[in-house]
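Participant: Below are the chains, spelled out letter by letter.
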Amino acid sequence: MTSDHRTAPPTVEATPFPYTVAARGLLENESRIAEPLPAAAQALLDGEYDNMLACVRCGLCLTSCPTFVVTGHESEGPRGRIALVRALVEGRIPLTDGLIDREENCLACDACTAVCPAGVKMEPIQVAVRAAIEIARDAGTAPSRGLVASAIRAVVLGWLFPSMPRFRAVVWLVWLYRASGLRSMARALGMVRLLGMRDADDLLPAFTPDFLVPEGQVYPAAPDTRDRAEVALFAGCVMSTAFGSTSHATVRVLQRAGCDVACPAGQGCCGALNAHAGDREGARALARQTIAAFEPGGDAPVVTNAAGCGAMLKEYGHLLADDPAWAARAARLSSRVRDVSEYLATRDLPAMGAIAEDTVVVAYQDACHLGHAQRITAAPRDLIRRIPGVTLRDLPDKALCCGSAGVYNVTHPEMARTLGDRKAEAVAATGATIIVTANPGCQLQLQASLARAGSRVKVMHLVDLLDAATAPGGRP
Amino acid sequence: MTGGLRLEAPAGVAPRRTRAERLALAADLRRVVADGDVLSDDVELEVYGYDASFMAQLAPSVPDVAIVARSEADVVAVMRYAAANGVPVTPRGAASGCAGGCVAMHGGIVLAMNAMNRVLDVDAPNGQVTVEPGVVHARLIEVLAPHGLLFPPDPGSSRMATVGGMASTNAHGVRAVKYGPTGAWVLGLHVVLPDGTLIETGSVGSRAKQSSAGLELTKLFVGAEGTLGVVTRLRLKLLPRPKARALVIAMFDVLERAGEAVQAVFRAGISPSAIEILDARSLRAANLYRPGLGLREAEAMLLFEVDGNPAGVRWDAETVVEAVRELATHVEWSDQEAQIARLWEARSVIGAAVGVLRPGSARAYAGEDICVPVDRIPEALRAIQDLSARHGIPVATYGHIGGGSLHPALLVDGRQRDDVRRAIELADAIHLLALDLGGTVTGEHGVGAARAMYMPREHGPALDTMRAIKRALDPTGIMNPATIFPEDVPPTPALDVTLVPGGR
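Chains as they are written, first to last, in my numbering: chain U, 1 to 476; chain Z, 477 to 980.
Just so you know, the hints here were simulated from the structure itself, not pulled from any lab data. Bear in mind the structure is a predicted one, so any value in this text is a computation, not a measurement. Each residue gets a CB set at the ideal place from its N, CA and C atoms; glycine is no exception. Please note that the accuracy of each hint is not assured.
Away from chain U, derived, C-beta distances all over 10 Å, residues of chain Z [stated by the list, open to error]: (1) Asp527; (2) Glu548; (3) Ala828; (4) Ala829; (5) Arg947; (6) Pro977.
Here chain Z is said to cover these stretches of chain U; the calculated rule only asks that three of the stretch's residues, wherever they fall, bring their Cβ under 8 Å from a Cβ of chain Z [unchecked claim]: (7) 57 to 65; (8) 75 to 87; (9) 116 to 129; (10) 149 to 155; (11) 375 to 381.
Chain Z stretches covered by chain U per the calculated footprint, using a threshold of three residues with CB under 8 Å from any CB of chain U [what the hints assert, rightly or not]: (12) 549 to 557; (13) 583 to 593; (14) 626 to 637; (15) 807 to 814; (16) 909 to 916.
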C-alpha cells in the first residue's frame, strides 16, 4: 500500500445514484491539515492501512473495550480509534492533542481484536500510530509531551530497558527504597502524594531479591523423567528480577514436567513496553537481541511466564517483517514461543497435591495478552482445575482488562484505578480467597486494587500455584 | 432508480453551521445538559459521522455537536432546546445499523443514548423488566438469566445492538419466527417528543401485561427509527427461560429442497424457535472463520432450533429430523449446549466475517435486509446469486428463512471505483427484487436514509399517512430528519466514488 490514498479527493460527477454522498463534511471549510505527517510516520500507518480498512464498523467491539465501557464515548472505543487513525492516514484530520489522547488512552489489551469478526488487529495499529506520533513529535509537527515526560521516557525506554545490568540495579534500588524504611518515611512526609506518584507508589512490587540471571545455565529435568524435553526460558526483565522467585518457580515446574530448562545468555527485555510507548525502533532492537540470543537453541520451545512478553515475542514476525535481514529469523522465533501454561498443557505433570488443608476457591483472571492476544484461555484453567481441593470460579466481566496494561496504570492512573476498582468488585463477587493470573503487571495492579478495596484476597501467579501443588511431598 | 429525490433541505432544517456557530451551539447545550457530555472537538465529532452502513462508509456525515446523554432530564433539555432553535436531532444507540438511520445527514445534534444503559428494575412476579435504551441486548439476557427469565427477541447482533435501537427498528432476529418481533415484547415506553414533552405510553405507572386503553402509541414509536421522538425508557415483557433447546442441522444440495424442508417442518406441526439458512458461500465463510466448526460443503444449510422442556425438545428435534430427512443430504441434531452455542456464535458473526471469502474485500452493508414471502425464498436466493454474477460482486446470503428474511452480504473492494459502483447497483437490484417478489426492502434493520427512496413504491398512499403522523408530532422536522421519507434525504452527488481517497 503506497500513500496514494491521500493524494486526490474523490471525483464528484453529476451521475445520479441512490446513495447520498455527504461531501459537505464538517471539516471542509477549515484548513484540512496544519502539518502533513512526516514521510516515515505516513509509511508506518500505510503499512496498517489494509488492517484499518477491514473494519466494517459493525460495533461488536464496543462492549469489549474497557475505555468505551467506562466513558461511553465513541472516540474511546476501538471502532472510533480505527476511524480516527484512518482519517489521519487519509489526510482528513490533523494530528492534534485530542487525537493523540484518544489513541494513547487505548490499553492495547486486544479485547477488541479477540472479538472482531472482520479480523481487524488493534495491536499493530497501536504500535504503528504511537510510533508515528513520536516521529511527528520529533519532527515538531505534533504537540510535544513536555520536557519532564520526554526525559523520563528517554531514560526508561532508551537507557533502562535495553540493559539488564542497569535494570537489575534499579530493581535493587526499589527494593532498598521499600526495605530501608525510606518508603514509609516518604509516605509519612507526604512526599509521594506531593510528587503525584501515589498510584505509581502503590504499584511497587513487594519482593525479596531472588534474581534469575540468564547466563547460559541449564536446569536439568527431574531425575525420574521418561519423556525428556528441552526448552529455553525467556526470563524477561521484570519477571527475572522483581518476580525472580516466580521465575525460579517456573524453572522448578518445568523441571518436574521433564524439561531441561536452558536460560540463554544475551537475552533481556522483550521490547513490549517500548513498542506500546511509540518506540518502535527500540522495540525492534530488543527483538533482534532476543532472536540472536535464542537462535543457538535450535527449535526448542521458548517458554515465557509473562503474558505480555509472550504476546510480544509472538509478534516479532510482524514487527520485523520489513527488515529483510531479520524477517525470517523473527518469524522462526515467534513460531517457537509458548506461554508456560500453553506448554505445560502438552506435558505430563507429576500428580498434584492439595495446596491447603481445606478446599480453596480460586478465581482466574485472564491476562489480556494471554486471553485476547494469544487466545489462551483453556490451558491455565485446566491446570488450576487439576489441583485437588481447588474450586475454580470465573470473574464477572472476565474479559475486561484490570487496568494494568504495561505501564498504563502509571501513565493513565485515573482510568486504571477505575478499571482496577471494577476488577476488585468482581473478585469479591466470586468469593475466592486466591486470584490467579499470569502476568506481572496484572499481579501488581490486582494487588493494588484489592488493597484499596480492603480485600484480603491473595494474588498469585499461575506458576507459583503450580509450584506449590507439584512440590515433592506437597505443601500445607 | 432515484426515488424522486428533492434537492433542497426539508422545511425547518437550517443549513450547515460554521465553526463559530457550532461552538456557540455546544456552549448553549452545555448550559442545559446537566448529566451528560457535550462533545464538540473535531476528533470527537469525526467518529459520530457513521454507522455500519455502506452508505455511511461512502458518505460519512459529521454532526455539529454530539451529546452522550446520561439521564432522561438531559434528553428533555436537549429536545426543548432543539425545538426552540430548529436544530436537527439524530438519536443513536450502538450505531450498528445498516441504513444510516443514526447518521446526522443534516448536521445538528447526534444524541448518543448508549451510556443510558441501566437495567432499572427486574420485576419477576410480573414478568417484566424496565430498562434504559442503551442496554446492550446480550447484557440484558445475562442480567435476566439468574431470574430464570428471558427477553425472547434475539438479534444476530446481540452483542452490539442496544435495546433502544432494537425497539426503534422493530428488530426481529433469529427467534421472531416463534416469538415475534421486538415490538411484541414492548409493554410501554418513555418517549421525549420533538417539543421536549416527556410521555409514557402503555398507561402511566402501569405494570399490567396487557391493555386495550386508547390508541396503541407504543406500537407507533416502535419501528419509527427515532423520527417521532426519543425513547428514554422501555418496559419489556418477559417469558420464563425455556429449560432446554436443541438444534437440528440439515444440509441440502438443492436450494429448493431447503425451502420445501421449512414447509415440511411446519406441516409436521412443529413451531421451531429459529430457522436459519446459510448458503454455500456463507458456509465457506463460517468454516474459514471458525475452522473448528467443520461444516459440510453444501448448497445450503438449515438450522432449526427448538426450545421448551427436555422431553418435548427431544421429540420436536426428532420430528424435525424425520420431516426433512428425505429432502436433505445430511441431517443431525444435538442438545449439547456447548455445541449449540458454538454454532449460534458462528452464525452471529457471519455477517462481518464473510470478508474472509475475498482477501482485500470487506462486507458492505447495502441491500442487506430484504424480506420475501417464505414460499419464494429459494427463488429469491437463486435470483440473488444471478444478480451477484451479473454485477460481478460476490454475495454470501444467510437469514431467518422461517420469516422470509434474507441478509445478502456483498463483498466489496472499497479501493476499486468499479467495485463500489457495481455494489451500489447490485444493492438497488436486490431491493427491487424483494419488492417484485411481494416482499419488503427491510425485514428488520429499518429504512434509515439508504432505503428511503423505495418507500413511495413500497407504501403508495400509505406513505402520506405516515407523513401526516410525522408532521403532527414533529411539525418543524427536526427529529431524525433524513430517515424514512425520501424527500428529507439530502441530494445525491455521484455514483463515481471509492471508499478511500485516491482509489482507482
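Participant: Taking the numbered hints from earlier one at a time, note which ones the structure violates and give those numbers from smallest to largest.
Facilitator: Numbers 1, 3, 4, 6, 10, 11, 12, 15, 16 - these are the hints that the structure violates, sorted from lowest upward.
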